[in-house]
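Undergrad: Using the sequences plus the hints, can you model the full thing?
Protein chains: 2
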Amino acid sequence: MSNDRFLRALRREPVDCTPVWIMRQAGRYLPEYRATRERAGSFVNLCKTPELACEVTLQPIARFPLDAAILFSDILTIPDAMGLGLSVNEGEGPRLARPVRTRADIEKLGVPDPEGELRYVMDAVRLIRRELHDRVPLIGFAGSPWTLACYMIEGAGSSSFSRPKALAWDDPQTMHKLLDVVARAVARYLAAQAAAGAQALMVFDTWGGLLPPDLFREFSLRYMTQIAQMLQSDNVARHVPLVLFSKGANSHLEALADSGCAALGLDWTISLGEARARVGSRVALQGNVDPGVLLASPDAIRAEVKKALDSFGAHPGHVFNLGHGITPDVNPDNLALLVHAVHEFSARGA
Amino acid sequence: MSNDRFLRALRREPVDCTPVWIMRQAGRYLPEYRATRERAGSFVNLCKTPELACEVTLQPIARFPLDAAILFSDILTIPDAMGLGLSVNEGEGPRLARPVRTRADIEKLGVPDPEGELRYVMDAVRLIRRELHDRVPLIGFAGSPWTLACYMIEGAGSSSFSRPKALAWDDPQTMHKLLDVVARAVARYLAAQAAAGAQALMVFDTWGGLLPPDLFREFSLRYMTQIAQMLQSDNVARHVPLVLFSKGANSHLEALADSGCAALGLDWTISLGEARARVGSRVALQGNVDPGVLLASPDAIRAEVKKALDSFGAHPGHVFNLGHGITPDVNPDNLALLVHAVHEFSARGA
Chain C
3 MSNDRFLRAL RREPVDCTPV WIMRQAGRYL PEYRATRERA GSFVNLCKTP
53 ELACEVTLQP IARFPLDAAI LFSDILTIPD AMGLGLSVNE GEGPRLARPV
103 RTRADIEKLG VPDPEGELRY VMDAVRLIRR ELHDRVPLIG FAGSPWTLAC
153 YMIEGAGSSS FSRPKALAWD DPQTMHKLLD VVARAVARYL AAQAAAGAQA
203 LMVFDTWGGL LPPDLFREFS LRYMTQIAQM LQSDNVARHV PLVLFSKGAN
253 SHLEALADSG CAALGLDWTI SLGEARARVG SRVALQGNVD PGVLLASPDA
303 IRAEVKKALD SFGAHPGHVF NLGHGITPDV NPDNLALLVH AVHEFSARGA
Chain V
3 MSNDRFLRAL RREPVDCTPV WIMRQAGRYL PEYRATRERA GSFVNLCKTP
53 ELACEVTLQP IARFPLDAAI LFSDILTIPD AMGLGLSVNE GEGPRLARPV
103 RTRADIEKLG VPDPEGELRY VMDAVRLIRR ELHDRVPLIG FAGSPWTLAC
153 YMIEGAGSSS FSRPKALAWD DPQTMHKLLD VVARAVARYL AAQAAAGAQA
203 LMVFDTWGGL LPPDLFREFS LRYMTQIAQM LQSDNVARHV PLVLFSKGAN
253 SHLEALADSG CAALGLDWTI SLGEARARVG SRVALQGNVD PGVLLASPDA
303 IRAEVKKALD SFGAHPGHVF NLGHGITPDV NPDNLALLVH AVHEFSARGA
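The listed protein sequences derive, respectively, from chains C and V. Residues 3 to 352, numbered by this note's numbering, are exactly what the first sequence covers, in order. Residues 3 to 352, numbered by this note's numbering, are exactly what the second sequence covers, in order.
These are computed hints drawn from the structure, not numbers from a lab. Note that the structure is a prediction, hence the values are computed from the model and not measured. A hint or two may mislead.
Which copy? The list can't say, so a pair holds if one copy fits it or any two copies do.
[What the hints assert, rightly or not] Pairs of lysine-lysine, DSSO-like flavour, derived with a Cα cap of 30 Å:
no., residue 1, residue 2
1, Lys308, Lys179
2, Lys179, Lys309
3, Lys309, Lys249
4, Lys110, Lys179
5, Lys308, Lys110
6, Lys308, Lys249
7, Lys179, Lys249
8, Lys309, Lys110
TA: Right, here's the structure in full:
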């Protein structure tokens, strides 16, 4: 591996400078991404064609000195493979044609075969690893069971996800049945990504933060912990660091750090210093500059990078990132500036 | 006052049972609200016609044994009175026709006269007080300076409010200039509501929680504290309890409790017990059941009410509410059930 800063930071080992990658780094803010997306015809087709997924995965690596690549895919590949019928209209967000609403719907769900219905994802992982030539590590990922269940029940995005919440309150047994099958599917999918060559794994719990604290523990955290445990019992995946990112769930950091993961992703609403004070050196931390800063001036971007690095301090175990995905309206030059600033300000000397 | 439970709880005095009111209790979930809204022609006209604002304010009081009424109005009355041109299309949210984007725009803004451009609000307060006949206290309210600035700069709602954030990073002086004039406008407006008869005042900081912690302190908390201080120097308003509600800002509860307010509103992502452990008995707490529970079964609603009451415990200083506004899809019978459950489960005996 010519650049292993990212993996070293996840293991909380010393690094020459702080590694950085960016959530949605292969995304609509890049003109070359928009061109490939156009050629693909649809977002889902882009995900399902390994050559195209590989192409967009590598685009930000070619443009910026990023320290990790992340598989281009979507968290809803699993519900799609379960038969729910995924489509994504840009601007509108994802839709599942056949949401699950009843116990009977849920009882019909099976764990998809990662080398069967989801083989296109594993093929993409293998192809990207080949094309990366070990320049930087490759991150695989999945959605958290709670987040996937939100979409599977609602059938689309929502500001409140009141349907999945109502099921959790009204029929917790049925909700647990759904989360159990989804957690097993996620663990199997992540283990297969590791076997196919992913060198780190990430779970995105985008909607856990919408839950009251007791429901968060029962319906979100519990299943992420279960996934961490299942991966620990897999011969390949046990050696692959796992990053959990529960957006808006900063009040649960200590519990998340005890889940068995290697690192926690952080959104921008907590300082890295406070997060580190709370979780200690049990886990590495990944984050967490407000993505909005990339719409501000170069001086403001550099100042926010400096502030985040200073807030974390000179300990091992920091992976620089935004606190959420980069937005389509960002000028790529601003990201270049941010990546350079991270390396420059954190350089530990020769 | 035939029912002063709400004011007693805000003063942290003993009560016969826990008072309850609901954010957006005069809202679209009520068929009688929808009828009045229809007659008004537009949402803005409903706000600007004291007789109609009074009518919808009283509708939930007639239907449920609520312990407080809240003025029917909108947080954007102040930007509208500053000349920004408010319109609200239901389903789309509010729009300001003339957003402020430059220093010159901001320098033109003045503090509106509450008995001038905003007289319709004061007339509504006076009329509602008359029609309430002291059955329950009346709450007046305003948006926080940061939240109003978000709309004033963006011109509409947004998921990220990147324009106001960019201004805060790039030109903090100009942002402070805007927040200063808005804070003076809010303080004057709230003091006038108190003079017109409002018996409690609330500040809604809907978008403070979108800020990184240092920006929250500098651009949101600071101006709410300033408002609390300005109200303390007003002969009428100093006797009127002030409630601050910063959605999504639970990591700042201690600082919010030190702002000079009487009570904090809480969203549903923290338990009342934890919040109380952190702020002690410095302030009363208002909240905080997940609004989504009103779409669940009667048993689930009653269980969540019980859980919230138990979590707060048998201390004085709790005002029951949801953690955010009631949604249009709620069956009013479910709210009736919740209100009854609050009173029943919290009754302190004869």
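Undergrad: Quick one: which hint numbers does this structure break? Sort them smallest to largest.
TA: Numbers 5, 8 - these are the hints that the structure violates, sorted from lowest upward.
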